[in-house]
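*Asks:* Residue-level listing of the chains:
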Amino acid sequence: MSTTTTYDPILAQVIARRLEVVCEEAAITLNRSSGSPIVTEANDFSTSLVSADGDVIAFSSYLPPHFVSAMNAVRNILDTLDLSTVEPGDHFAANDPYTVAPLHAADPSVITPIFAGDELVAWAYSSVHVLDLGGLTAGGWIPGSYDRYGEGFIFPLIKIVSHGEWDKNFVDLYLANVRMPESLNDLRSCVAANNTTSSRLQEVFDRYGADTVAEYAAINVRLSEEHARERIRKLPDGTYTATDWVEYDGHGVEALHRLSVALTIRGDEMLIDLTDSPPEANCFINATRAALLGWILGDVIRTLFPDLPINAGVHKPLRIVKSEPGTMLNPSKNAATSCGHMESGTKVFRAFHDALHKAVALSDDPEIRRRAAGLGGNVAPHNVVSGVNDAGVFEVWVSFDSLGTGLGAQSNVDGRDCGCYEDMTGARMLDIELEEMASTLHFYRRLCPNSGGHGFRRGGMGIDSAWQMQGMQRAQLTMFSNVTRVPSRAPGGGYPGGGTGNRIFHGGLGAGTVTDVGARLREPEFERSGDVPPSHATNLQIDTDAIFRCYGAGGSGLGDPLFREPWRVAEDLENEMITADVVPAIYGVVLGAQGEIDEAATVARRHEIRTERLGGTPPAREPEPMTEYRSPLRLDDGHRTFLCNHCGEPIAPTSENWKDHASTRSWPLPERAQDLGTKVREMADTVMRMWEFACPSCGTLLEVEIYADGEKPARDIRLGETSDVPGEAF
Amino acid sequence: MRGMYRVGVDIGGTFTDVVVAGEAGDIVRAKALTTPDDYTEGVTAAIDSAATELGTTLGELMSSCIGFVNGTTVVTNAIAQQRGRRVGLLTTRGFKQQIYIHRGIREIQLDLQKETRPPDIVRQRHVAEVDERVNRQGDVLVPLGEDDVRREVTRLVEEEGIEALAVCFLWAFRHPEHERRAAEIVRELYPDLFVTLSCEIYPRIREYERMNTAVLNSFVSEGAETYIGKLTDRTRDLGLADGRISFMQSLGGHISSEEAMSEPIRLSHSGPVGGVVAASHFASVLGEENIITADLGGTSFDTALIRDGRPTHAHRMTINRLLTGLSSVDIHAIGAGGGSILWIDERNLPRVGPQSAGAYPGPACYGNGGREPTLTDANLLLGLIDPDKFWGGTVRLDVDAAAEALRPVAAQLGGSLEEIAAGYHQIAVTHMSTAMAKVSLGRGYDPRDFTVIGYGGGSGLFLAEVCAELGITRLVMPRAAATFSAYGLLFADAIHAQATTAEWGFASGDVDDINALYDRLQEQAVEALRREGFDESNTTVRREADVKFVGQSFEISMEMPLAPIAEDEREALSARFVEEYERVYGAGAAWDGFPIVLHTARVVASGITEKPPVQPRGGNGRAAAVEPSGERTIRVRGGTVAATTYDGPSLVPGARITGPALVDDVDTTLFVPEGDRLEIDELGNYVFTVDTAMPTALAATSASGGAS
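Residue numbers (our numbering), protein chains in the order written: chain V, 1 to 730; chain F, 1 to 708.
Calculated from the structure, these hints are not laboratory results. Every residue, glycine too, gets a C-beta built ideally from N, C-alpha and C. Fair warning: there could be bad hints in the mix.
[As the list claims (entries may be wrong)] The calculated label-pair distances, taken between Cβ atoms and stated as ranges, are: (1) F:N538 - V:R474: 42 to 48 Å; (2) F:A566 - V:P181: 27 to 33 Å; (3) V:K159 - F:P408: 24 to 30 Å; (4) V:D147 - F:G593: 30 to 36 Å; (5) F:Q124 - V:G512: 52 to 58 Å; (6) F:T318 - V:A729: 37 to 43 Å; (7) F:D535 - V:D545: 57 to 63 Å; (8) F:R520 - V:D147: 55 to 61 Å; (9) F:R83 - V:K159: 55 to 61 Å.
[As the list claims (entries may be wrong)] These stretches of chain F come out as covered by chain V in the derived footprint (C-beta under 8 Å, 3 or more residues): (10) 111-119; (11) 127-141; (12) 204-217; (13) 254-261; (14) 571-577.
[To be verified] The calculated DSS-like cross-link candidates involving lysine-lysine, where the alpha carbons are at most 30 Å apart (straight line), are: (15) F:K114 - F:K611; (16) V:K159 - V:K234; (17) V:K159 - V:K333; (18) V:K322 - V:K234; (19) V:K234 - F:K114; (20) V:K316 - F:K31.
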């Protein structure tokens, strides 16, 4: 152990566990007292315990990006508040994106001081997505707004409860700004959660003394930091880059905004350079600092240290380089940001994940290499419906089928189907019967075939469902669906999953029962019919006879699909996860008339596909069979050459772009997506291309990437090249 | 001894325990090896040996038996090991993948490598869609396609070889006719096929839970049919009168063999319930109403809350990662027991469990080749267990093996063997007190208002310290704490619960509607008891409601009046709900001004069985003379002390002991820490008075414990 200060490891463990339980109990309180399905079903909330000086010392594991919200909130309090005025029974709240800086404005922060005797010794924190904050439309995401003032109610730090009594002025002001008064109940649930944190922590103080608890909380932060640094040190020094695109078409113009992330590993530290940002946009896709840092932190935790207690120690080895002020990733204060975390934020996260996994794949440590993972859809394409129902009641309904997007494939297991954002560790879709408690009727619900990215381990599947209004004559629909044109990135040699999408059948599908119509919708001929609305639309007027069909994105696969065990391919076909055409075309599996596996024909077909990848030349080498996932590339002993990890042959010197030496093919993205059976929305003016890089010796797929038309694959691995820029702490 | 006997049978993984109570409350215990190929063999053997001890014959005992209650893990195991029938599922057209999608429910894992799919109890190819559709009002949008039912069931049976069927249609709890008609058609085609209807097993909203409940019920039906059927036949052959046999359910009471055969899933997870039932009864004998139970076995620590003499219940249980509609006595289990393995995590911090060394090889000190250190090994090194008196001296423990197992972790953590063992012991105490805090504080109850009843073989060495952590002063450990769960079967009542989704507004609903609904549920529940031979004289009824503010997803349970609800009672009911809500979630948490809705109406009818009397052991209430058996040096946190030892069976009612002391009983050892007192009450129970004064020295001593 590198720790030098003397401490009692037993007590360290006891207190660490106690503090975790405090946050878990607070999370249970919040969940059970909430009325919002976004809390009770999606678990879109978190609870934290923050030290007096602003370090997060314990955290419930529901939504790692909220960790940054907690940190920011207490920093803002320490910067702006006269602490001598703070008293027991006070609760503070704020949602201002630039001062208290939560993940986004619809996730207000509630912060509560905790006292030991007369001394303020810690802060309880909780945050929850409220379903309405006013603005153009309910839901808290405002795709049609041009700036922050169209996004609803923004409030800086306010004492909302004094000595247990709600501030009537605040309550009146809040209710005057929102169309759903129950939105305030979510803040009440946060107050209840912070009360739980406070009272449960008091018992820990009673037992061990507040000073000892603070001392050991700090020891736990130090331990987490030490171990986080140790893991980072196992990644090879160098700079790794990746690109992604932010989609937006909500103001009538279809646009893709390119961004890239450069990750430098230097010793036990990560430097994350976000300077390559698009300009600030006049819509809700700009990301605040909290949104960016939150996703990055979540991905680092999941990839490198999901086992460490989450506290301030885990972010201390991370440094960030911001883009220029007035850019999409560092917007000005008037910018709209209500969906920045889900729009540009997730694209930064996807690029970051890809860059990080280039380093993970080349680690000397097999445990680190085993952390390889594809990328989830990381999207929840919400449809928010509001209107007056037949009983005369104003109703807002968010379809939670939108949570049905797949997770990325893992090195040991296929990606989880319908797992939603990878960071939303407690997400779940609703029962159909609960969905239908709102004024809707569902025609069917299934997994969207081929939506999970093909690979040795398959990406998680997205949902496919269709619904219609029932018991409401006219309504308005706000939708945003942000993985329609560029699907998930796919590190590790598998394919991206499918995108999200909506189709509207105005006037319905003609005569037939609800089950007949549902069956017809699932026939292949209806796959491409119906109207395709903008992926970002605000207050579309909808009629009772229109049918809405929604697809969820899938996660990306991991590893060449030609390595996938044929029995799994046959099982996926039986379960309707994949269609019959991709079985021989993508997986190289040949099935007999009864669905049985033809082993010899499969071997031949797989050889044939590898030959096609090499432009018709049969491969010179056979890849090693793969029973456990392995990275596509490895380094030679001196780190001078990239070798194919499947056949061992050298591919390129590490001083060059290995992709220039690979066997390469590319297609217009929609064309290749058709081969893969995945859904990707075609654009009017822009063409993206899918590139596949194979080993020139054995023909194994090493990486699949997407580039803009005319763009060349970049050199994205620069071993040993590190930046001296200090960067900012999180 | 002659007379009316009551028999409790607890079939465990290794042993089948039998407890027989005579009319006077005298208790005889017997044990036999469990016989998984035919459980009735082990049961018969155990009862036979009990009969011998009672000086009677097996036939005599059985024919004069007035209650034969079974607790079994047969159903639990079938699910855990995923060994059950090949189940087919009929569902609404368009929704066959619902059971495969599992709502995408995440496991709350930061490590996505652990984010795996729940087990599939039914294969996708065994799910068939049938044309039919009902909407939320219960109106039929598409009539049942009867030909679909015939075709699909025939296909599932003839081509896919399904062995049992479940039927779950959307909104079937609002409109059960489609499921019932489907069942009729199936019965015409395959009269012997086991069929579960979702509208019968769990008539409530949320089709995924209904579907899982129905599928699981069909899945476990084979084991249940063979076990319940065989046992019923066998006991009848042995002379047991009809209607005397019953089966413990997870809800806390027992049901008849006919019911257990048709709804076997209700027996799932009933194992630890016996102990809680026994504790509830025990509490009433002691005159206590508020109890926390604590059961420490080899692999787990189970704890539950009893308030006002009744255990609390958990609804919508998750079984083997599947959400179901089942209700159970609310027992919180954690992976900490005598066999829990002691280890060191990557941050070099000591951890206890949840991995267990199991029964074999078990702790290192058992000498069966176990090499990993366990809690029992730590307790042995601390001197808390006498190596020569374990299990009444039948097993001799190997202190050297325990030391050998613990040495590597002690070296890595940098402390003496005893220091490190004491540290692990302390962590286990923390785990247990955290679990007990969860069932009390976590539900808004102050543990200091409760008495702890402790049982299970390992409890005695920890519970006094656990109680001290929570500020609980009173701890009672019954004699024969180790077989308390089987004993509890003798005190269980017959229970029938009927529940349905009501969605009745406290302010707006029609009182006639809700009263009629409760009357109907009550009639169904009472009728089920009538069939088992209970009548008004020995039946009690409770009306319960799961209530929430409109818009919430979770409800709070409250008791409802038995008399019809009157118009002018609405406000009082609302006030009671708000009061209960704020008790749980704190002041200011209630949703001011929001309507309140009765989500689920439930009627629980209990058929009260006669309980064996609890026999006093004599004694006159005066302090009795106490003779120590010796002294052991024990290591406790902070230092070494000399503890006086006592021989448990020699302690008579009235005996008083002060800590530090150890009591070696036949199948357990009790640790009485310094400052605590232990008395034997007139029933022979061990009653601790725990010193809850702050151990102020703890923080100071621990900081100097030191590692680097």
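*Asks:* Each of the hints needs a verdict: does it hold here or not?
*Replies:* Tested hints:
{"no.": "1", "hint": "F:N538 - V:R474: 42 to 48 Å", "verdict": "violated, 60 Å"}
{"no.": "2", "hint": "F:A566 - V:P181: 27 to 33 Å", "verdict": "holds, 31 Å"}
{"no.": "3", "hint": "V:K159 - F:P408: 24 to 30 Å", "verdict": "violated, 54 Å"}
{"no.": "4", "hint": "V:D147 - F:G593: 30 to 36 Å", "verdict": "holds, 34 Å"}
{"no.": "5", "hint": "F:Q124 - V:G512: 52 to 58 Å", "verdict": "violated, 26 Å"}
{"no.": "6", "hint": "F:T318 - V:A729: 37 to 43 Å", "verdict": "holds, 41 Å"}
{"no.": "7", "hint": "F:D535 - V:D545: 57 to 63 Å", "verdict": "holds, 58 Å"}
{"no.": "8", "hint": "F:R520 - V:D147: 55 to 61 Å", "verdict": "holds, 58 Å"}
{"no.": "9", "hint": "F:R83 - V:K159: 55 to 61 Å", "verdict": "holds, 59 Å"}
{"no.": "10", "hint": "111-119", "verdict": "holds (count 6)"}
{"no.": "11", "hint": "127-141", "verdict": "holds (count 6)"}
{"no.": "12", "hint": "204-217", "verdict": "holds (count 5)"}
{"no.": "13", "hint": "254-261", "verdict": "violated (count 0)"}
{"no.": "14", "hint": "571-577", "verdict": "violated (count 0)"}
{"no.": "15", "hint": "F:K114 - F:K611", "verdict": "violated, 47 Å"}
{"no.": "16", "hint": "V:K159 - V:K234", "verdict": "violated, 46 Å"}
{"no.": "17", "hint": "V:K159 - V:K333", "verdict": "holds, 23 Å"}
{"no.": "18", "hint": "V:K322 - V:K234", "verdict": "holds, 26 Å"}
{"no.": "19", "hint": "V:K234 - F:K114", "verdict": "holds, 22 Å"}
{"no.": "20", "hint": "V:K316 - F:K31", "verdict": "violated, 59 Å"}
Comparing the model with each earlier hint shows violations of hints 1, 3, 5, 13, 14, 15, 16 and 20; every other hint is respected.
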